[in-house]
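So you can see what is in the structure, the chains are spelled out below.
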Amino acid sequence: MNEIKAKLHAPQTKGHVSVAKLTNWWYVACPSGDLKKGPIKRTICGVPMVLFRNKKGDIAALLDRCPHRNVPLSLGAVTKTGQLQCAYHGWEFDTDGGCTKVPCLVGDPDHKGRRVPRFPVREQDGYIWVYAEADTEPEREPFKLPDVDGKYTRVDQWFEVEGSVHAVAENALDVPHTAYLHKGLFRGVGDTTKIQARVERWEDWVECEYIGEQRPEGVVGRMLSPSGGEIKHWDRFFMPSIAQVEYQLGTENHILVNSFITPVTDFITRLYATILFKVRIPGWVLEPVVKPAAMRIFQQDADILKIQTEHIQRFGGEQYVSTDLDLLGPHIWRLMRQAERGDPGPKEYPVVKEIELEV
Amino acid sequence: MNEIKAKLHAPQTKGHVSVAKLTNWWYVACPSGDLKKGPIKRTICGVPMVLFRNKKGDIAALLDRCPHRNVPLSLGAVTKTGQLQCAYHGWEFDTDGGCTKVPCLVGDPDHKGRRVPRFPVREQDGYIWVYAEADTEPEREPFKLPDVDGKYTRVDQWFEVEGSVHAVAENALDVPHTAYLHKGLFRGVGDTTKIQARVERWEDWVECEYIGEQRPEGVVGRMLSPSGGEIKHWDRFFMPSIAQVEYQLGTENHILVNSFITPVTDFITRLYATILFKVRIPGWVLEPVVKPAAMRIFQQDADILKIQTEHIQRFGGEQYVSTDLDLLGPHIWRLMRQAERGDPGPKEYPVVKEIELEV
Amino acid sequence: MNEIKAKLHAPQTKGHVSVAKLTNWWYVACPSGDLKKGPIKRTICGVPMVLFRNKKGDIAALLDRCPHRNVPLSLGAVTKTGQLQCAYHGWEFDTDGGCTKVPCLVGDPDHKGRRVPRFPVREQDGYIWVYAEADTEPEREPFKLPDVDGKYTRVDQWFEVEGSVHAVAENALDVPHTAYLHKGLFRGVGDTTKIQARVERWEDWVECEYIGEQRPEGVVGRMLSPSGGEIKHWDRFFMPSIAQVEYQLGTENHILVNSFITPVTDFITRLYATILFKVRIPGWVLEPVVKPAAMRIFQQDADILKIQTEHIQRFGGEQYVSTDLDLLGPHIWRLMRQAERGDPGPKEYPVVKEIELEV
Chain A
0 MNEIKAKLHA
10 PQTKGHVSVA
20 KLTNWWYVAC
30 PSGDLKKGPI
40 KRTICGVPMV
50 LFRNKKGDIA
60 ALLDRCPHRN
70 VPLSLGAVTK
80 TGQLQCAYHG
90 WEFDTDGGCT
100 KVPCLVGDPD
110 HKGRRVPRFP
120 VREQDGYIWV
130 YAEADTEPER
140 EPFKLPDVDG
150 KYTRVDQWFE
160 VEGSVHAVAE
170 NALDVPHTAY
180 LHKGLFRGVG
190 DTTKIQARVE
200 RWEDWVECEY
210 IGEQRPEGVV
220 GRMLSPSGGE
230 IKHWDRFFMP
240 SIAQVEYQLG
250 TENHILVNSF
260 ITPVTDFITR
270 LYATILFKVR
280 IPGWVLEPVV
290 KPAAMRIFQQ
300 DADILKIQTE
310 HIQRFGGEQY
320 VSTDLDLLGP
330 HIWRLMRQAE
340 RGDPGPKEYP
350 VVKEIELEV
Chain B
0 MNEIKAKLHA
10 PQTKGHVSVA
20 KLTNWWYVAC
30 PSGDLKKGPI
40 KRTICGVPMV
50 LFRNKKGDIA
60 ALLDRCPHRN
70 VPLSLGAVTK
80 TGQLQCAYHG
90 WEFDTDGGCT
100 KVPCLVGDPD
110 HKGRRVPRFP
120 VREQDGYIWV
130 YAEADTEPER
140 EPFKLPDVDG
150 KYTRVDQWFE
160 VEGSVHAVAE
170 NALDVPHTAY
180 LHKGLFRGVG
190 DTTKIQARVE
200 RWEDWVECEY
210 IGEQRPEGVV
220 GRMLSPSGGE
230 IKHWDRFFMP
240 SIAQVEYQLG
250 TENHILVNSF
260 ITPVTDFITR
270 LYATILFKVR
280 IPGWVLEPVV
290 KPAAMRIFQQ
300 DADILKIQTE
310 HIQRFGGEQY
320 VSTDLDLLGP
330 HIWRLMRQAE
340 RGDPGPKEYP
350 VVKEIELEV
Chain C
0 MNEIKAKLHA
10 PQTKGHVSVA
20 KLTNWWYVAC
30 PSGDLKKGPI
40 KRTICGVPMV
50 LFRNKKGDIA
60 ALLDRCPHRN
70 VPLSLGAVTK
80 TGQLQCAYHG
90 WEFDTDGGCT
100 KVPCLVGDPD
110 HKGRRVPRFP
120 VREQDGYIWV
130 YAEADTEPER
140 EPFKLPDVDG
150 KYTRVDQWFE
160 VEGSVHAVAE
170 NALDVPHTAY
180 LHKGLFRGVG
190 DTTKIQARVE
200 RWEDWVECEY
210 IGEQRPEGVV
220 GRMLSPSGGE
230 IKHWDRFFMP
240 SIAQVEYQLG
250 TENHILVNSF
260 ITPVTDFITR
270 LYATILFKVR
280 IPGWVLEPVV
290 KPAAMRIFQQ
300 DADILKIQTE
310 HIQRFGGEQY
320 VSTDLDLLGP
330 HIWRLMRQAE
340 RGDPGPKEYP
350 VVKEIELEV
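Going down the list, the protein sequences come from chains A, B and C. Heads up, the first sequence is in numbering that gives the first Met the number 0, so the first residue is 0 and it goes up one at a time. Heads up, the second sequence is in numbering that gives the first Met the number 0, so the first residue is 0 and it goes up one at a time. Heads up, the third sequence is in numbering that gives the first Met the number 0, so the first residue is 0 and it goes up one at a time.
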């Protein structure tokens, strides 16, 4: 069929989009509790996967396609003996992806051609992590949350966002947009002061430290630190897709927001947020105020990311103009591209940059 | 416009899909009763057609596009004189596709450039059949239902299914899936016995005979043959797209399920089922039990075929692994491909294969 | 990802569609009253634009994309100082497209890379016109409505139509379809008389004059001229996309229907109709009859154009067969193609053609 090419369209860019194919890495597939026996399906790096647990509790992540007639294995069931059974013809597979039964067949069901590709899995920090390269030995282990004592509260929440990993991570770690997109919720637009930001990029992570930052205005800020004063604030990105924001207000307030960003496809991500915090005010006092505000902030970010994504596609790619204020976005993209290309990067680390901002 | 190609996607196959372009063949367009005067529209082999009857009752199937400004002729009306009139500017056409009127035009309306391509049609066995190649003499006649006596009941039902002709035909003739996809309805999963299957492939059809098969378990089976016992069972495929299942239980029970599968587009088909049966139990007793069961079976098949089709597209094609149990599917594809390529096939017929199954 | 190409599809044309890229021309963006302060968004020739007014009332039409992170500027707001502020990071732009503020940035916001492309605008005849080529000096001025005295009534109405500019303009100026598509509303199908049509094509417009035409039958016709009699009737097309129908019935009835057709994308247009009329019967008497009839005619045209467009896409392009009765359509396309190609056209104007019709 002839496709009729549009003559009238938005001015087209050179087609660049900040999407990297990084399959030799770990991604969160789901919270541990979401996988009882299974099967459940997840898409990671565009690859449909089926997850299930066998009788011993071992977890498997297999390619979600029956080798026989190509229907999703996730339509099936886990048998009493812990095998994953296809819904169409009843073929069964174990956690290694091997075929253990072909109903009606006279003879051995096991056969090389009937194997299903298997992805490495780990259960750690309350999440099931999947390594996005099948039938391989992982080069590394998943990102580990820091050990915290009993004074910390942990809150988990996940969101599906229509944006690339890069766009979502940049947004999660960006300061200037908070005064506009989240006007009144996070930081206000009023008198400004100059502060310093120092960026250090390492081989597989990058950190920005803010020096001289005052307690942010707005509802959230007032709750966190009623007495005001300087705060310590770091924004970090860890390869391949973890955004971390850390706030320290004196010794009694400490907040660590971890966003595990899983690429579903190029422009759809799942953001699994785990917030660890210890604050002056008890959690049960904070929650009714902080949770609605946080949800609203996340929703505003999700909305703008969706529109940004659609607009980038309409123009056939990104055409970004960055300033010094885009402290982490360009570094995040450099890290992703280096890893994708197998590029060793600069000879010496850290790469350091200091800038001044008016906030 | 630049199309942004996805970087993150399912592992891609070599792009094969079991779809053949077989236009020198007859397909059911609709039951006879669906075409009064018309016009009605149908898509066969991807081609939009308009069907209508003239005053004498002659049927025409024309390309559903007015040569003037390319709107569908099926939007129009059949005039009192039996001409098909376009809804936009009122051009009229006869059953041969010739232009008989151009309103406002001074002069002869007939003109080579104003002809509409015409497809051969037949009315037979309660169906209107269309030959999918325009302006040509058919190489053969449509498939003929066997003549049966008055003891037989005929039931007709049609379904639209999101699957290729090959996938739908293979499904219609496949035995092993019935125990899983139609669990409890058709045959159960219990003790198994070994039976034989003998496949004979001819130039334009293929048959599988099952030897030693017992009455199937489940509701349908129990109704058909309360006394149990061996049954005779043949599955057949006739080119280009007819699936036939025949059951014989003694001399008093005989069931012939004919599925006329019309390719609408590559992955959409219409299945026109005509069931001829003569059974021990009167039809009016059977109907309240058999019809809901049959409809449920068809719906389960339609559901899995839709999901299979979507999954195949996601992976960029099929990657099937067949076993000996896939008795007819590979033969059906061979027949379709031979016909599509004009390949004469093997020198001697029938091609025979015998296998053993546990059912 | 492999795209699975359809094997079964409508017979494909050579891919021609009557769509021209004519950006060095003026198009109606919206009625003046639709733009208060703004911002509002419009798509013209496929290009997303944002329109706003500054404090002085100056209008700007900018490319609707923030140079920073590519979100639509139309999501933002016009500030108290009359700047267009982006919703994401608060960047501000003036009516020239220059960047006047980057929040948090220490230093001058103005920078060549931060400019937004600007489209010429005019406010005239109650419409905002935009020139579809950015950052350029227009080669001409927008089409001007004739000055009419106080005896004329003006009615404005706009419609979104799924059809190319060519298809919409041809339809707006076509006579033969009115007896079929608008049966009973505009002109009937009864006894016919022969009339003459004389077409004159100039460099950037084409006119058809009908000679000997009688008052049309039907509701609208009877209202306009109860006494019947010959009418004067001209259909005109002005480049790039203006269709004009003029009727004169004696000295007391004069109707001028102007359709300003704005290409949104290849196959979506907005038709801004401005009707100027002076009739024997007072406007308030006519309105309850004429308006519903006019709206119904427009809806019937919009419906057939949408179906025509979909059908053309299904066949991979147009395959039109024109007759002498297609008085303006082929000329309109010639004018559009000439302008698109920069082709000077014939040496002498006007190009004249006379034909006879039976109406």
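Think of the hints as simulated: they come from the structure by calculation, not from any bench. Treat the hints with care, as some may be off.
As the list makes no split between identical chains, a pair holds if one copy fits it or if it spans any two.
Derived lysine to aspartate or glutamate pairs resembling EDC-like cross-links, with alpha carbons at most 16 Å apart [as the list claims (entries may be wrong)]:
1) Lys143 <-> Glu122
2) Lys231 <-> Glu245
3) Lys55 <-> Asp302
4) Lys100 <-> Glu357
5) Lys13 <-> Glu2
6) Lys4 <-> Glu309
7) Lys6 <-> Glu339
8) Lys6 <-> Glu132
9) Lys143 <-> Asp203
10) Lys305 <-> Asp323
No experiment lies behind these values; they were computed from the predicted model shown.
A quick look at each hint next to the structure:
1. Taking the shortest alpha-carbon separations for Lys143 and Glu122, only the intra-copy value of 11 Å comes in at or below 16 Å, while the best inter-copy value is 61 Å.
2. When the C-alpha separation of Lys231 and Glu245 is checked against a cutoff of 16 Å, the pair qualifies only within one copy, where the shortest distance is 8 Å, while the shortest distance between copies is 74 Å.
3. In this assembly of identical chains, the alpha carbons of Lys55 and Asp302 never lie at most 16 Å apart, being 42 Å within a copy and 33 Å across copies at closest.
4. Only between protomers do Lys100 and Glu357 lie at most 16 Å apart by alpha-carbon distance; the minimum there is 12 Å, versus 66 Å within a single protomer.
5. Only between protomers do Lys13 and Glu2 lie at most 16 Å apart by alpha-carbon distance; the minimum there is 11 Å, versus 22 Å within a single protomer.
6. When the C-alpha separation of Lys4 and Glu309 is checked against a cutoff of 16 Å, the pair qualifies only between copies, where the shortest distance is 14 Å, while the shortest distance within a copy is 19 Å.
7. Taking CA atoms no more than 16 Å apart as the test, Lys6 paired with Glu339 passes between copies only; the shortest distance there is 12 Å, against 34 Å inside one copy.
8. When the C-alpha separation of Lys6 and Glu132 is checked against a cutoff of 16 Å, the pair qualifies only between copies, where the shortest distance is 14 Å, while the shortest distance within a copy is 40 Å.
9. In this assembly of identical chains, Lys143 and Asp203 lie within 16 Å of each other by CA distance solely inside one copy; the values are 14 Å within and 63 Å between copies.
10. Taking the closest pair of Cα atoms, Lys305 and Asp323 never come within 16 Å of each other, the shortest separation being 25 Å inside a single copy and 49 Å across copies.
In summary, the structure is inconsistent with hints 3, 10 from the numbered list given earlier, while agreeing with the others.
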